[in-house]
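Please build the complete structure, drawing on both the sequences and the hints.
Quick note, the sequences are listed as chains U and B, same order. Residues 1 to 208 (my numbering) make up the first sequence, in order. Residues 1 to 258 (my numbering) make up the second sequence, in order.
If you're looking for bench data, these hints aren't it; they were derived computationally from the structure. Be careful, since some hints might not be right.
As the list claims (entries may be wrong) - Just the calculated beta-carbon pair ranges, DEER-fashion:
{"#": "1", "chain 1": "U", "residue 1": "G37", "chain 2": "B", "residue 2": "R43", "range": "26 to 34 Å"}
{"#": "2", "chain 1": "U", "residue 1": "S36", "chain 2": "B", "residue 2": "R152", "range": "20 to 28 Å"}
{"#": "3", "chain 1": "U", "residue 1": "D127", "chain 2": "B", "residue 2": "W94", "range": "48 to 56 Å"}
{"#": "4", "chain 1": "U", "residue 1": "E88", "chain 2": "B", "residue 2": "L227", "range": "21 to 29 Å"}
{"#": "5", "chain 1": "B", "residue 1": "Q189", "chain 2": "U", "residue 2": "R162", "range": "29 to 37 Å"}
{"#": "6", "chain 1": "B", "residue 1": "L114", "chain 2": "U", "residue 2": "E88", "range": "33 to 41 Å"}
{"#": "7", "chain 1": "U", "residue 1": "R197", "chain 2": "B", "residue 2": "R172", "range": "49 to 57 Å"}
To be verified - From chain U, some residues computed to sit far from chain B (all C-beta separations above 10 Å):
{"#": "8", "residue": "L25"}
{"#": "9", "residue": "A51"}
{"#": "10", "residue": "G62"}
{"#": "11", "residue": "E88"}
{"#": "12", "residue": "L129"}
{"#": "13", "residue": "E177"}
Where a beta carbon is used, it is the ideal one built from N, C-alpha and C, also for glycine.
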Amino acid sequence: MLFDLCDVTASRGGRVVLRSVDLALEEGSTAVVGPSGSGKSTLLRLLNRLADPDAGEVRYRGRPLRTHDVLRLRREVALVPQLPALVEGTVADNVELGARLAGQGADVDRALALAGLEASFGPRLADGLSVGEQQRVMLARALALEPSVLLLDEPTSALDERTRAAVEATLVRLASELDLSLLVVTHDPAQARRLARRTVTVAGGRIA
Amino acid sequence: MTGAIEVSLWEVAAALVLVAVAVGASSWQGAALENDIGVAVIRAFVQLTAVGYGIDLLFDQDSVALVLGLVAVMVLLGALTARHRARAVPGAFWPILGALALAAGATLGLVIALGVFEPKPRYLVPVAGIVIGNAMTAAAVALNRLGDEVARSRREIEATLALGATAAQAARPLLRRSLRSGLIPLVDQTKTTGLITFPGIMVGMLLAGADPVDAVRLQLIILYTLLGAVSLSALIAMSLAYRNFFTAAHQLREAAVE
Numbered sequence: 001m002l003f004d005l006c007d008v009t010a011s012r013g014g015r016v017v018l019r020s021v022d023l024a025l026e027e028g029s030t031a032v033v034g035p036s037g038s039g040k041s042t043l044l045r046l047l048n049r050l051a052d053p054d055a056g057e058v059r060y061r062g063r064p065l066r067t068h069d070v071l072r073l074r075r076e077v078a079l080v081p082q083l084p085a086l087v088e089g090t091v092a093d094n095v096e097l098g099a100r101l102a103g104q105g106a107d108v109d110r111a112l113a114l115a116g117l118e119a120s121f122g123p124r125l126a127d128g129l130s131v132g133e134q135q136r137v138m139l140a141r142a143l144a145l146e147p148s149v150l151l152l153d154e155p156t157s158a159l160d161e162r163t164r165a166a167v168e169a170t171l172v173r174l175a176s177e178l179d180l181s182l183l184v185v186t187h188d189p190a191q192a193r194r195l196a197r198r199t200v201t202v203a204g205g206r207i208a
Numbered sequence: 001m002t003g004a005i006e007v008s009l010w011e012v013a014a015a016l017v018l019v020a021v022a023v024g025a026s027s028w029q030g031a032a033l034e035n036d037i038g039v040a041v042i043r044a045f046v047q048l049t050a051v052g053y054g055i056d057l058l059f060d061q062d063s064v065a066l067v068l069g070l071v072a073v074m075v076l077l078g079a080l081t082a083r084h085r086a087r088a089v090p091g092a093f094w095p096i097l098g099a100l101a102l103a104a105g106a107t108l109g110l111v112i113a114l115g116v117f118e119p120k121p122r123y124l125v126p127v128a129g130i131v132i133g134n135a136m137t138a139a140a141v142a143l144n145r146l147g148d149e150v151a152r153s154r155r156e157i158e159a160t161l162a163l164g165a166t167a168a169q170a171a172r173p174l175l176r177r178s179l180r181s182g183l184i185p186l187v188d189q190t191k192t193t194g195l196i197t198f199p200g201i202m203v204g205m206l207l208a209g210a211d212p213v214d215a216v217r218l219q220l221i222i223l224y225t226l227l228g229a230v231s232l233s234a235l236i237a238m239s240l241a242y243r244n245f246f247t248a249a250h251q252l253r254e255a256a257v258e
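Following this line, the structure appears as structure tokens:
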């Protein structure tokens, strides 16, 4: 099993958003669906330990999450946030960022290609990109870590319809080409069906 | 270096004429500051007189241990004051205390070691006062800015943490920006000194009858010392305080941001 949540309660901003959740997530692609404020993003944040639960336990590949080295865990279970947050510099600087922080190199062109961007994007300045392009750079920057799990928080919420379809196509291709488990949070059940084989519905802090 | 001048109480009282101008302006405009001005005048008189006698005693004793004790009290009071100014930073007291203590210690130690000043209360007490006062302001400004930066850059920080960055790595760009904010006022002041404002030490020495060249040289020593002390203070305060925004598991604390 990829992730196990046992009796997990978690809060955000002083409010309990997940209540006694039990959930098992298999390898492969899974979508987490639910209305906004239902605790989907919080669930995702628990999985790479950007946050810890108030109670209960999360396990990754059978081992409690807290026993994993947290920095290595985050490179293995990479999270792409809902809104792009690139650092100053070029696209290549951003794509290399994660690897550079770990004192390693990264294959920038490959990561860009996987995210659906041409290698010519590398030297461009990050703050000159459209939101859709920025979101792809965020994806490339996560993929450059060569993760085994990709956590995507509303990956297309900031995009127009045409860009959304293109990003979705990229994600579907990634899931089939790479040995990569996708966990996609979305408020859109139709998108969940397009992107994932399984769907988990969260409502009112519980698994429906 | 200077021939000391005598100032009589009568001369101090004469300066009160200008306080009357302030009171007049306040009452004419209905600003209702007359009472506050009165309190300010009396407090300034009492506080400074007490400090004056205290310093007099200190100079008479000529004891370095006593000076060190005074410096410790100033550092403590500075940290208590700056803690309130740096509200945006959780647990700001200890970082500021560390910053002021190290900045004061390093700067005073250095000016003595380099032979800039003799290790006598007459030099150490005023220099410590200026150094600690400025270091306190710089630390508070830098920490406040750090708190603002963390609140504003929450997404950027968490996105970087999500890539496996340590808290230190994720905070580095914020530290850089906050350090700039903490230092720019003094750097600007140093750039324009003598053009727009006459710095206080120089003014004091000129009034006391010192040679202008001596006055300028002493002022330069103080300005350069301050640059070092203030940079050190802001840097240390931030290097110690940024950790308070993060957990040991390199997570951005929620409470720190709310």
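Hint check results:
1. Between G37 (chain U) and R43 (chain B) the CB atoms are about 53 Å apart, so this pair departs from the stated range of 26 to 34 Å.
2. Between S36 (chain U) and R152 (chain B) the CB atoms are about 23 Å apart, so this pair conforms to the stated range of 20 to 28 Å.
3. In this structure, D127 (chain U) and W94 (chain B) break the distance hint of 48 to 56 Å, their C-beta atoms being roughly 37 Å apart.
4. E88 (chain U) and L227 (chain B) have their C-beta atoms about 27 Å apart, which keeps the hinted 21 to 29 Å range intact.
5. At about 54 Å, the beta-carbon gap between Q189 (chain B) and R162 (chain U) misses the expected band of 29 to 37 Å.
6. The supplied range of 33 to 41 Å is met by L114 (chain B) and E88 (chain U), whose beta-carbon atoms lie about 39 Å from each other.
7. The hint said 49 to 57 Å for the Cβ distance between R197 (chain U) and R172 (chain B), and at roughly 40 Å that hint is violated.
8. The beta carbon of L25 (chain U) is kept farther than 10 Å from every beta carbon of chain B, the shortest such distance being approximately 18 Å.
9. Distance to chain B contradicts A51 (chain U) as a non-interface residue, since its nearest Cβ pair spans about 6 Å, not more than 10 Å.
10. Every CB of chain B is more than 10 Å from the CB of G62 (chain U) (nearest about 20 Å), matching its label as outside the interface.
11. Annotated as non-interface, E88 (chain U) brings its C-beta within 10 Å of a C-beta of chain B; the closest such distance is 8 Å.
12. With a minimum CB-CB distance of about 15 Å to chain B, L129 (chain U) clears the 10 Å threshold, and the non-interface call stands.
13. Distance to chain B confirms E177 (chain U) as a non-interface residue, since its nearest Cβ pair spans about 22 Å, more than 10 Å.
Checked against the numbered hints given earlier, the structure breaks hints 1, 3, 5, 7, 9, 11 and satisfies all the rest.
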